[in-house]
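Keeping the supplied structure of chain G fixed, place chain C upon it in accordance with the hints.
One letter stands for each residue in the lines below.
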Amino acid sequence: QKEVEQNSGPLSVPEGAIASLNCTYSDRVSQSFFWYRQYSGKSPELIMSIYSNGDKEDGRFTAQLNKASQYVSLLIRDSQPSDSSTYLCAVRARDDKIIFGKGTRLHILP
Amino acid sequence: ETGVTQTPRHLVMGMTNKKSLKCEQHLGHNAMYWYKQSAKKPLELMFVYNFKEQTENNSVPSRFSPECPNSSHLFLHLHTLQPEDSALYLCASSQERLAYEQYFGPGTRLTVT
Chain G
28 QKEVEQNSGP LSVPEGAIAS LNCTYSDRVS QSFFWYRQYS GKSPELIMSI
78 YSNGDKEDGR FTAQLNKASQ YVSLLIRDSQ PSDSSTYLCA VRARDDKIIF
128 GKGTRLHILP
Chain C
2 ETGVTQTPRH LVMGMTNKKS LKCEQHLGHN AMYWYKQSAK KPLELMFVYN
52 FKEQTENNSV PSRFSPECPN SSHLFLHLHT LQPEDSALYL CASSQERLAY
102 EQYFGPGTRL TVT
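These protein sequence lines map, in sequence, to chains G and C.
Here the first sequence stands for residues 28 to 137, where the numbers follow the numbering used here.
Here the second sequence stands for residues 2 to 114, where the numbers follow the numbering used here.
In case anyone wonders, no lab produced these hints; they're calculated from the structure.
These figures come from a predicted structure and were not determined experimentally.
Virtual Cβ for every residue (Gly too), placed ideally from N, Cα, C.
Some hints could be false.
To be verified - Here are the in silico distance ranges between beta carbons for each label pair: (1) Q97(G) x H78(C): 36 to 42 Å; (2) S39(C) x S39(G): 24 to 30 Å; (3) P137(G) x F52(C): 43 to 49 Å; (4) S39(G) x H80(C): 41 to 47 Å; (5) G86(G) x S21(C): 38 to 44 Å.
Stated by the list, open to error - Covered stretches of chain G, going by a simulated chain C footprint (3 or more residues, C-beta under 8 Å): (6) 72 to 78; (7) 119 to 132.
One chain only, chain G, in its complex shape (with noise of 0.2 Å):
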């Protein structure tokens, strides 16, 4: 059964549009969600952390969680090149372990 689901991409994104990076999760009483960025080669490094329903911003980044539907999103705005990289998805599951996902490989085009 596969806790945190991601679509493995890549996800071509054109330089300046707005890129969608998706996720959902079967622990319906998950509380605490969380979008890494991960660089070939490097550690995991927490851009967004989200834990109520809506949206949440902080500069070009905005994550939406929607808990009944058990889905959480990251939306990029002015997508740069150096956004290419792999967004992992990660989920505070009921019994406080933090559950990742595969992960979405994002390119973007110059």
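Frame of chain G; chain C shown alone:
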């Protein structure tokens, strides 16, 4: 140094060797974690330590042995590993075990021959 550091960054070892991975965090956090990242698989949590006490062991084989002498240092002792143990081993820390954000070190790329 700042953040979470790990040494060595790369390690090649034979199946009969014994080696140790080291992690140090300079963030004043109380919880530390070991993760394994293999190709095309999600990050797998291995061990969790909170205030030097092990709180989780995710059914990790005994050939991996963690040690946490204090809240700033975490070791992973390796012995008689298998080729399928080759992976990126990541250390992370957070303020508390139930804290929300984890910060990762650069990882150790381990190859077992």
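Going through the hints against the structure:
no.	hint	result
1	Q97(G) x H78(C): 36 to 42 Å	39 Å, holds
2	S39(C) x S39(G): 24 to 30 Å	26 Å, holds
3	P137(G) x F52(C): 43 to 49 Å	48 Å, holds
4	S39(G) x H80(C): 41 to 47 Å	44 Å, holds
5	G86(G) x S21(C): 38 to 44 Å	40 Å, holds
6	72 to 78	holds (count 4)
7	119 to 132	holds (count 9)
Hint check: no violations occur; every hint is consistent with the structure.
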